[in-house]
Amino acid sequence: MSAAVSPAPRRGWSFRRPSVIPGFGLTLGFTLTYFSLVILIPLLALAIRSAGLGPEGFWKAATDPRVLGSLRVSFVTALIAAGVNVVFGTLIAWVLVRYRFPGRRIFDAIIDLPFALPTAVAGIALTAIYAPNGTIGALFAPLGWRIAYTPSGIVIAMIFIGLPFVVRTIQPILEEVSHEVEEASATLGASRFQTITRIILPSLTPAILTGFALAFARGVGEYGSIIFIAGNIPFVSEIAPLLIYIRLQEFNYVGATVIATVMLLLSFALLFIINLIQAWSRRRYGYGN
Amino acid sequence: MEVRVQNVRKEFDRFPALHDVSLDIRSGELIALLGPSGSGKTTLLRLIAGLEMPTQGKIFFGDTDASEKSVQERNIGFVFQHYALFRHMTILENISFGLKVRPRSTRPPNSEIRRRAMELLDLVQLSGLEKRYPSQLSGGQRQRVALARALAIEPAVLLLDEPFGALDAQVRRELRKWLREIHDRTGHTTVFVTHDQEEALELSDRLCVMSQGRIEQVGTPDTVYDHPTSPFVFGFIGESSTLPVTVENGELWVGGRAIGLPAGDAGPGEARLFFRPHDVDLIEADASLAGVVSTARRVGGTRRVELEIGGAGHLVEVDLPFDHPAGEKTRLAFRPRRWKLFPAG
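So the sequences go chain by chain: A and B.
Sequential numbering of the first sequence, starting at 1, is according to the numbering used here.
Sequential numbering of the second sequence, starting at 290, is according to the numbering used here.
Because the hints were derived from the structure by calculation, they are not lab data.
Where a beta carbon is used, it is the ideal one built from N, C-alpha and C, also for glycine.
One thing to keep in mind: the hints can contain errors.
Some chain B residues flagged as far from chain A (calculated, every beta-carbon gap over 12 Å) [said to hold, decoys possible]:
#, residue
1, 308
2, 312
3, 553
4, 558
5, 573
To be clear about the criterion: a stretch of chain B counts as covered by chain A if any three or more of its residues have a C-beta under 8 Å from a C-beta of chain A, and this derived list gives those stretches [to be verified]:
#, region
6, 372-378
7, 383-396
Go ahead and model the full structure; you've got the sequences and the hints to work with.
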């Protein structure tokens, strides 16, 4: 650790920066090994398996109408659910941070339940409530709006499981946005509405994007709760993870890995873009870094 | 603009933070609200700003009753201790915010807003930094931006809440001088809160000393320093030493010895003597305050000697020039040059 004792003047970028914190080699080695074992190798296996088809076969399998249909259902519903979650999750985070009311702590704890609840339980519960003869479903049935067994049901299930991600990412940042900033805005003559749209929401943008990305990723990958409520009609309410499962049951392992690979690439691309926007806004807005 | 605080009382959850406070702030003056924490000075400032509403009493801006007006309507400039800048806006956007949020009918054109913001940036000596973000500035620079932002709306009153509290001593002294200059140039009625008596004495036209939700004394720095009207003010403003004394036969007595000070018009009985440690004469007469030196510390250009007076072990402090020969002695006798008597208790 001689570098740590007498830091040399910096000459451009070097792989290893002098640091007073010891154990760089050990921790980095451990991180990479762990990362490889848990994430990289399984994903690589997936890619290799699906590559066995050759580019043409891969393309054919990936553009199968049923596959495309399921991918569309998965991504569109996940985007809608993440969008809904961002709006209401922000609202819930706001209420939890800003107001003191009886039962706040219990309410706060309940937010985390979707993390802990087995997704199948959630799916069955949601189906029971939103089915045409369920408590809430019965209210919508006369309007001709079926929720369970349609894409609407998928969105509901995704909202349920994605909500805590949004609330929990926005909450700490909202606590950090000081009350004084709002007061400053008011003394400068800004109305409540102007303070919210010009001061508070811009400060929350990076956190909102993170919450959106997390809720979206969770929605795309969700399986357990959705299959109960979706109805699983091909081209209408069949999600990609379910199609993978169906392919596996047909012993069509390659077909399953192709869908999985496409999902992986799409998700990665989307998350990467969101991450870039987030990094940019974080640099700009300064909160949460 | 003149500000009149009239019999204002403020309670937080039944806990009184201000008891029946009245204060007249003159147009164009720089007044300091000074007091220890919990004295209600920040509450009073926030009441003037409209960030809090009084439980009782009224606040007038000129002749208009501002008590019922919202913060937005009062047109005040407020500077917070921790700057409260908008982190996602550039310095220029921060300064022009107050003008940009005005309704269309009273909002100046964009070019005019920009011109005024640049002018203010120049006033606070930060020209060239308009495109930076607050996180790229030092604490002192941020506070100057906060001041420029508050000045941009042409406030009726400028209110500063411990504006230099978060800055280090060097920057604080610099900004203090600079704030005085800005005030002299712009002439805004300014109220600032501080717990730093040196800051208040140096900066303000008048100070308002507060304690436990009440105003103890209002006056020019010299009046408050030279003629404190209560033991609290004597103890809080400047250095002070205090000693219990007995008034008898028109003289002051300590431990059965006359100390050579006339009692003036104080009635016989117990009293408390207050004096400034630097305002004493060393003497060799019998009628004096004599004591045993318990500690002596060199503080810059003076030597602060702590004396134990009489058998009861009362400690008082006395300042000597650091090279004064008496600093080596174990026993000192002195008499305050100026002093004040307050009733005991």
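Evaluation of the provided hints:
1. 308: 25 Å, holds
2. 312: 20 Å, holds
3. 553: 49 Å, holds
4. 558: 51 Å, holds
5. 573: Holds, since 59 Å exceeds 12 Å.
6. 372-378: holds (count 5)
7. 383-396: holds (count 4)
In summary, the structure agrees with every hint in the numbered list given earlier.
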